[in-house]
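Could you put the whole structure together from the sequences, leaning on the hints where they help?
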Amino acid sequence: DGGITQSPKYLFRKEGQNVTLSCEQNLNHDAMYWYRQDPGQGLRLIYYSQIVNDFQKGDIAEGYSVSREKKESFPLTVTSAQKNPTAFYLCASGEGGSPRFFGPGTRLTVL
Amino acid sequence: GIQVEQSPPDLILQEGANSTLRCNFSDSVNNLQWFHQNPWGQLINLFYIPSGTKQNGRLSATTVATERYSLLYISSSQTTDSGVYFCAVDLTRAAGNKLTFGGGTRVLVKP
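Protein chains in written order, with our numbering: chain A, 1 to 111; chain B, 1001 to 1111.
Please note that the accuracy of each hint is not assured.
No farther apart than 25 Å at their CA atoms in a straight line, the calculated lysine to any residue pairs in the SDA-like style are these [as the list claims (entries may be wrong)]:
id: 1; chain 1: A; residue 1: Lys83; chain 2: B; residue 2: Gly1103
id: 2; chain 1: A; residue 1: Lys57; chain 2: B; residue 2: Ile1002
id: 3; chain 1: B; residue 1: Lys1054; chain 2: B; residue 2: Gly1016
id: 4; chain 1: A; residue 1: Lys57; chain 2: A; residue 2: Gln6
id: 5; chain 1: A; residue 1: Lys9; chain 2: A; residue 2: Ala81
id: 6; chain 1: A; residue 1: Lys9; chain 2: B; residue 2: Ser1082
id: 7; chain 1: A; residue 1: Lys57; chain 2: B; residue 2: Ser1026
id: 8; chain 1: B; residue 1: Lys1054; chain 2: A; residue 2: Ala81
id: 9; chain 1: A; residue 1: Lys71; chain 2: B; residue 2: Ile1002
id: 10; chain 1: B; residue 1: Lys1110; chain 2: A; residue 2: Pro39
id: 11; chain 1: A; residue 1: Lys9; chain 2: B; residue 2: Gly1103
id: 12; chain 1: B; residue 1: Lys1054; chain 2: B; residue 2: Glu1067
id: 13; chain 1: A; residue 1: Lys57; chain 2: B; residue 2: Lys1054
id: 14; chain 1: A; residue 1: Lys70; chain 2: A; residue 2: Asp30
Beta-carbon label-pair distances, calculated as ranges [stated by the list, open to error]:
id: 15; chain 1: B; residue 1: Tyr1073; chain 2: A; residue 2: Gln17; range: 45 to 55 Å
id: 16; chain 1: B; residue 1: Tyr1069; chain 2: A; residue 2: Ile60; range: 18 to 28 Å
id: 17; chain 1: A; residue 1: Ser73; chain 2: B; residue 2: Asp1010; range: 32 to 42 Å
id: 18; chain 1: B; residue 1: Ile1012; chain 2: A; residue 2: Asn53; range: 45 to 55 Å
id: 19; chain 1: A; residue 1: Pro104; chain 2: B; residue 2: Arg1058; range: 23 to 33 Å
id: 20; chain 1: A; residue 1: Val52; chain 2: B; residue 2: Tyr1069; range: 34 to 44 Å
id: 21; chain 1: A; residue 1: Phe12; chain 2: B; residue 2: Glu1067; range: 27 to 37 Å
id: 22; chain 1: B; residue 1: Gln1055; chain 2: A; residue 2: Ser67; range: 33 to 43 Å
id: 23; chain 1: B; residue 1: Asn1056; chain 2: A; residue 2: Asp30; range: 24 to 34 Å
id: 24; chain 1: B; residue 1: Ser1028; chain 2: A; residue 2: Asp38; range: 42 to 52 Å
Hints listed in this document are in silico derivations from the structure and should not be mistaken for laboratory results.
Just so we're clear, the structure is a prediction, and the values are computed from it rather than from any experiment.
Glycine included, C-beta positions come from ideal geometry on N, C-alpha and C.
Okay, structure coming up:
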């Protein structure tokens, strides 16, 4: 089945650690996105990539990094510079204009 | 940047009731989408509707672009309609662009 997968579903991080969230899609979409959602809030854009080997900062990129070495993969690293990383992280992909399909999400908690 | 406001913030319905959710946006948009987020966090695209009216089963949506608002109608609500409904907009035509999300309307349908 075509779709977007994210792993892990739950992730616990100690303060000062970097962690990487995985996002894979088999929809053959050029564009991929990372959003952050805080409890009771809407989604905010962290990074997006329109094509392999290229990516752009979104509205809240500080403390995060990404790579896009393959069309189907867009991993997000939450670095120790992100002061309040506890949130729900959603990956999305799309073709021809904007994100359309979302993955199931990763819940990150800082211990 | 563009502002997206959704109302009401919370809605409690008895099963079988009808309801209308509203999305106001502050600028002309090229793209407007409605999403449903289920209680487990999965975000599903309901409509891509920059203008006009569309229907999908018990759901329909209308966007009046000239007046900068969109409405989502839920008819004969069911408990499975519970969750958060998001409106998201995009200003430009270029591929791979980001969406700006509203704060959402949290819907609870009681049996």
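(message) Of all the hints numbered above, which does this structure not satisfy? Sort the numbers upward.
(response) Hints 8, 9, 13, 21, 24 not satisfied by this model.
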